[in-house]
Amino acid sequence: MEKLEKNNKILSSFRDPSGFLFIRDDLLYRQINLKYKEDYDHLMSSGLYSALVKEGLLIPHEEIIPTEGMDDIAYKIIKPENISFISYPYEWSFSQLKDAALTTLKIQKKAIEFGMSLKDASAYNIQFKKGRPVLIDTLSFEKYKEGEPWVAYKQFCQHFLAPLALMSHKNICLNRLFQLYIDGVPLDLASSLLPFSTRFSLSLFPHIHLHAKSQKHFANKSVNMTRRKISRLAFLGIIDSLESAIKKMRWKPMGTEWADYYNITNYSSTAFQQKKEIVANFLDKIGPTQVWDLGANDGFFSRIASQKGIPTISFDIDPSAVEKNYLECVANGEDSILPLLLDLTNPSPSIGWENSERDSWLKRGPVDAVLALALVHHLAISNNVPLRKIAAFFSRICFSLIIEFVPKTDSQVQKLLSTREDIFPNYTQPAFEREFGKYFTLELSEKVSGSDRVIYLMRKR
Amino acid sequence: MNKGLILFLFLSFSVFVFSKEAYAYLDAGTGSYVIQVVIAFIFGGLLSVKIFWNRIKGFLTNLFPRKD
Numbered sequence: 361m362e363k364l365e366k367n368n369k370i371l372s373s374f375r376d377p378s379g380f381l382f383i384r385d386d387l388l389y390r391q392i393n394l395k396y397k398e399d400y401d402h403l404m405s406s407g408l409y410s411a412l413v414k415e416g417l418l419i420p421h422e423e424i425i426p427t428e429g430m431d432d433i434a435y436k437i438i439k440p441e442n443i444s445f446i447s448y449p450y451e452w453s454f455s456q457l458k459d460a461a462l463t464t465l466k467i468q469k470k471a472i473e474f475g476m477s478l479k480d481a482s483a484y485n486i487q488f489k490k491g492r493p494v495l496i497d498t499l500s501f502e503k504y505k506e507g508e509p510w511v512a513y514k515q516f517c518q519h520f521l522a523p524l525a526l527m528s529h530k531n532i533c534l535n536r537l538f539q540l541y542i543d544g545v546p547l548d549l550a551s552s553l554l555p556f557s558t559r560f561s562l563s564l565f566p567h568i569h570l571h572a573k574s575q576k577h578f579a580n581k582s583v584n585m586t587r588r589k590i591s592r593l594a595f596l597g598i599i600d601s602l603e604s605a606i607k608k609m610r611w612k613p614m615g616t617e618w619a620d621y622y623n624i625t626n627y628s629s630t631a632f633q634q635k636k637e638i639v640a641n642f643l644d645k646i647g648p649t650q651v652w653d654l655g656a657n658d659g660f661f662s663r664i665a666s667q668k669g670i671p672t673i674s675f676d677i678d679p680s681a682v683e684k685n686y687l688e689c690v691a692n693g694e695d696s697i698l699p700l701l702l703d704l705t706n707p708s709p710s711i712g713w714e715n716s717e718r719d720s721w722l723k724r725g726p727v728d729a730v731l732a733l734a735l736v737h738h739l740a741i742s743n744n745v746p747l748r749k750i751a752a753f754f755s756r757i758c759f760s761l762i763i764e765f766v767p768k769t770d771s772q773v774q775k776l777l778s779t780r781e782d783i784f785p786n787y788t789q790p791a792f793e794r795e796f797g798k799y800f801t802l803e804l805s806e807k808v809s810g811s812d813r814v815i816y817l818m819r820k821r
Numbered sequence: 178m179n180k181g182l183i184l185f186l187f188l189s190f191s192v193f194v195f196s197k198e199a200y201a202y203l204d205a206g207t208g209s210y211v212i213q214v215v216i217a218f219i220f221g222g223l224l225s226v227k228i229f230w231n232r233i234k235g236f237l238t239n240l241f242p243r244k245d
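For the protein sequence lines, the chains are Y and X, in the order given.
The first sequence begins at 361 in this note's numbering and counts up one residue at a time.
The second sequence begins at 178 in this note's numbering and counts up one residue at a time.
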């Protein structure tokens, strides 16, 4: 859960004068201030709230009565439905960001029908609930005033259009720019990075290139806004154009380092099946409430947990693997698995004001159980992390651990060692058991037949 | 000539001529507001055409329904 102030306010919601999030008795609430009364009442009475909740586009909430502990500026306290894991746009794959963008525009179009408009179009306001994007900020709506432009237009372009265009036209890894720029990718930066050919795009030319020039041109000028009006049709025209631009964005995952991993491992199909059974059996013994699968690739083993109905997060470093995993979730309508991008050797840091607006990956833990299959050798050998530090790390993030030890004799480790000096004399099974034994009870272990690999079930001491 | 059109042409010209600068620290709010007003008439027009075209398509589909 995100960091709290003394009065339990969540530090990511300090900007909005309409209200704020707080925690009481481990439950999340949102205070709605009197300032937002008119808009909130319109949201609820116009039918917009019900329509959005019915379509799964907005997080449902209940109003808390009596509203004990309310301060003078408070109008109501609501309790939104819980989201089990908060993820951030720099952890999403291409299609996750694209779906979040299309969800935002769908909500905006629906809001207009009910005489409202989104005053925020922040990617952080979208979260994945049961595998699908949903708006979590109930206070994002304001009454639509005909003639006024879309106040969240700039934010939409920075949070969705620019990063998607960069990922699609330049490099998929550019969604990491979100980590540097908390309010989305600055449009002048996006404009300078995008290929020259995008200046001939009917959507990217006005919304990014021209938009960036206009921002620069008017940066130090005052403009009389009262005379400049936009008709409702033109307003809808801009939303429609943004929607077509996002729908046209494409990125096809290529065969990158892990994309075909399961086809090139040294497992026989029997050993693979046996590994699956060991993992399923160990999961049954733990009965976890939530699982994080680290180094999950396309989520093959994550699905052993998710198909048992356990909410599972499938983390991987490879954008192709995460994209493939997410598309599979969408195609199969899976609701217990969330694929996310994560570089375990450099996980998401805490960012924003006072380094507290967006939590680091570690702060969002610990989780009930972690799956770490075919991972340790990458941390120990590719990334030179001593086993004692790897064991300490796992003890910070979980209470139960299903972990595979891949010894030096394994062909995958031999491959890693073929291009580097073997400076890992302590990378042995006894040393692995000794170091992990300091933090965990090694409850069970099973050898994967036809290989030298061993899978352990460990519980935190 | 219409002021909005002049601005549109001026900004369009500068997109192609000065394309390498980046000033991420500038206040971007005013420019975002103005550009919407400038491009609004184009996208409003395009949406009208789209709606009109969909109506014609709908009318023709109703007139000549597909036989399965």
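Any given hint might turn out to be false.
[What the hints assert, rightly or not] Under 7 angstroms between C-beta atoms, here's a sample of chain Y residues computed to sit facing chain X: (1) SER444; (2) ILE446; (3) TYR448; (4) ALA512; (5) LYS514; (6) HIS571; (7) LYS573; (8) PHE578; (9) ILE590; (10) ALA594; (11) LEU596; (12) ILE598.
[To be verified] The following residues of chain X were derived to be distant from chain Y, with all beta-carbon distances above 10 angstroms: (13) ASN179; (14) ILE183; (15) ILE216; (16) THR238.
In short, the hints are calculated from the structure, not lab data.
Don't be surprised by glycine CBs; every beta carbon is placed ideally from N, CA and C.
Hint check:
1. Here the hint on Y:SER444 is broken, as its CB sits about 35 angstroms from the closest CB of chain X, past 7 angstroms.
2. Proximity of Y:ILE446 to chain X is violated relative to the hint, the smallest CB-CB distance being about 26 angstroms (cut-off 7 angstroms).
3. Below 7 angstroms, beta-carbon pairs count as interface contacts, and Y:TYR448 has none with chain X, the closest being about 20 angstroms; its hint is therefore violated.
4. A distance limit of 7 angstroms between C-beta atoms decides the matter here; for Y:ALA512 the minimum to chain X is near 10 angstroms, and the interface restraint is violated.
5. With a least beta-carbon distance of about 4 angstroms to chain X, the hint placing Y:LYS514 at the interface is held under the 7 angstroms criterion.
6. About 5 angstroms separates the beta-carbon of Y:HIS571 from the nearest beta-carbon of chain X, less than 7 angstroms, and the hint is met.
7. Among the interface hints, the one on Y:LYS573 holds; its C-beta lies about 4 angstroms from the nearest C-beta in chain X, closer than the 7 angstroms criterion.
8. With 7 angstroms as the threshold, the beta carbon of Y:PHE578 comes within range of chain X, its nearest partner Cβ sitting at about 4 angstroms, so the hint holds.
9. Hint on Y:ILE590 holds. Least Cβ distance to chain X is approximately 5 angstroms, under the 7 angstroms limit.
10. Here the hint on Y:ALA594 is kept, as its CB sits about 3 angstroms from the closest CB of chain X, short of 7 angstroms.
11. For Y:LEU596, the suggested interface contact is upheld, since its CB lies about 6 angstroms from the closest CB of chain X, less than 7 angstroms.
12. Given the 7 angstroms rule on beta carbons, the hint for Y:ILE598 holds: about 5 angstroms separates it from the nearest Cβ of chain X.
13. Look at X:ASN179: its CB is around 13 angstroms from the nearest CB on chain Y, clear of 10 angstroms, so calling it non-interface holds up.
14. Against chain Y, the non-interface label of X:ILE183 holds: every CB pair exceeds 10 angstroms, the least being about 12 angstroms.
15. The beta carbon of X:ILE216 sits about 5 angstroms from the closest Cβ of chain Y, which is not more than 10 angstroms, so the claim that it is off the interface is violated.
16. Listed as outside the interface, X:THR238 is consistent with that label: its C-beta sits roughly 21 angstroms from the nearest C-beta of chain Y, beyond the 10 angstroms cut-off.
Hint compliance for this structure: hints 1, 2, 3, 4, 15 are not met, and every other hint is.
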